[in-house]
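Enquirer: Each chain, written out:
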Amino acid sequence: MPAIPVTVLTGFLGAGKTTLLNRILSEDHGRKFAVIVNEFGEIGIDNELIVSSDEEIHLMNNGCVCCSVRGDLIRVLGGLARRRGAFDAILLETTGLADPAAIIQTFAMDEDTGDAFALDSVTTVVDAVHFSRHAAENRQALEQVVYADLILLNKADAVAPEALAAIEGQIRRINDVAEVVRTVRCDLPVARLLGRKAFDIGRLLFGQPGLAGPAGHGHDHDHGIQSLSLTLQTPLDPEKLGAFLSTLLREQGQDIYRCKGIMAVAGAKQRFVFQGVHMYLETAWGRPWAETEARESRAVFIGRGLDRAVLAKGLAGCAAKKGDAA
Amino acid sequence: MNFSPDEAVPGLRTAALGAYVSGCAVSPDGDTAAYALGDGRLVLLDTASGEAASVDAHDGGVLSLAAAPQGFVTGGDDGRVALTRPDGRTTELARFPGQWIEHVGASRDGSVLAAARGKAVVLFRGEDLAPQLLPELPAVIGGLAVRRDGRAVAASHYDGVTVYAPPRPDARGNTFDGPGANLTLVFSDDGAKMACATQDKSVRVYDLAQSAGYLLEGYPAKVRCLCFSPDGNMLWTGGEQAFVGWPVDAATDPARREAVVFGAFEHGLLGAVAAHPVLPLVAGGFDGGVIFLGSPERRGAAPLLVLENRRVTSLAWSTDGRRLVGGGDGGAAFFMDMAG
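In order, the protein sequences belong to chains A and B.
Residue 200 in the working numbering is what sits at position 200 of the first sequence, and the numbering runs on without skipping anything.
Residue 662 in the working numbering is what sits at position 336 of the second sequence, and the numbering runs on without skipping anything.
Rather than coming from a laboratory, the hints here were simulated on the basis of the structure.
All C-beta atoms, glycine included, are put in the ideal place defined by N, C-alpha and C.
Warning: the hint list may mix true and false statements.
To be verified - Residues from chain B shown here face chain A by an in silico Cβ test under 10 Å; the list is partial: (1) L509; (2) G544; (3) A547; (4) L595.
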């Protein structure tokens, strides 16, 4: 039985999440969706299978303050698993203040959920008109951008081009791996939104290389959140790399919101890939390197108060000894 | 949709019910078996004839099922709690629009029926079985258990388990601490012990008679099922690729408590477990659809049957232990008369 895909729709209050949701539901795509919302009744969603969730965060008992799952999602998804066959995919609309990390961790840390469902995408709707103010006042508005793999820069028609470019720059500074699309009333073809498999570690992708701007410095109005991309040409020692990542996340996981990497490991034909949310880290072997391909490692860390020099030094310290190279 | 006899295994009847089996149970008199399905149907099987009939008990899915002398209590994702008599007549006990009724329970004599509605326990008592809502708990209910004698109802929730003893509408309940998310909850037959599976791959045991509590750990996966042996001295758990039983009798020093592990099955986790009500036997359903019958005395298990399911979701014995019923997520279900 294939896992049922789940698309998470986030965005700050008033950004246009419900507009997007209704767009998806009304488009003629031949799919049946189950819809999970935080509160129904206040918004009109015309869908047969609509379920309410209550955003119940459960801290795990492993002593880690950022390892959490959402109890309501486990329950609701567990209930929907029993109705498998009645729908093809799930749309989960979160409140404007929801913490996407707990949602992502739920899929990774709860076996029953991860077994029956696959997190397909975290799509964040950004309100071009109000984003700067939201971002200055609320960390959630930024965190929703941090965890996204697709960002709709919505109400793009209501903002001057220079201002729009500035917002896009701000988004890039905190997440340079997500795809950013400018929209008006969330006018995005549904096909681009579904089937992204963005959280499938075997399919780990980065944004368009080269599009990412220069590494930004933390701005005060960004609550110190930044995105750091690091590349390395030397092959790495997998054991050293594993030890480095686990120590890093144990000590700084609370401030590292997301990390992902496709690494070249000495003596391995395949890419070594990892992705993490806070202290939760998942690793796997990715697809093999092609003969002609330059073996280059690339890692991205998104978090608060990250030190580029320390991270770069740490990764460089994972280099394999000469002679280990494949 | 009748259950067909299996030629290879005497006493076994199987059926493809076409929807996720979310629960199964046998009526106290042993005459009727019930299978709750993810598409809203409740399938009732006459255990003597093998004839089955389906009742549209709920809109959407049936999420929970319990057997009582009056009939089968079900909760659904239509927010209804329903009672279906063995003849198929269904009556609505309560309706909570917008809620999913994920847990129901019943005492042995049917004098106390209970359901979980979000953060509150709902009681159904007396002749009219009118719903009575207990005060709200601090978090959504993750598991519900009714003591066999009906003298207590317990609900697990985030950071604890609340016991209402006796269960009555004005009772605030007595909350026992249990950090973290608490899920599946069971009472021992005598009501002296409770066990609760947690989100953190552990099981918490509350010895109410001894006023003691302890945590059982070391599972590779979340524990999806629990049950006590009839004498209450052994706790059977899933969450491992084997049968795992913990001695929970008062004589065993908690510090030296060690699990009895047998019946290793490398192809899947134990996801459903049911202790035989009379004999020292335990039935277990593993992922992959294999059902084993385990003997704690011999520390061994033998395969009983295989169902076309990815997971066995439910197993239940009849009160006298003559019959075993079960089903899985692929809609395959069985009924077995152990006397052949």
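Enquirer: For each hint, tell me whether it holds in the structure or not.
Expert: Here is how each hint holds up against the structure:
A least Cβ separation of about 9 Å between B/L509 and chain A falls short of the 10 Å threshold, and the interface hint therefore holds. Nearest Cβ of chain A to the Cβ of B/G544: about 14 Å, over the 10 Å cut. The hint is violated. A distance limit of 10 Å between C-beta atoms decides the matter here; for B/A547 the minimum to chain A is near 5 Å, and the interface restraint holds. A hinted interface residue such as B/L595 counts as satisfied when its beta carbon comes closer than 10 Å to some beta carbon of chain A; here the least separation is about 9 Å, so the hint holds.
Of the numbered hints stated above, the single one contradicted by the structure is hint 2.
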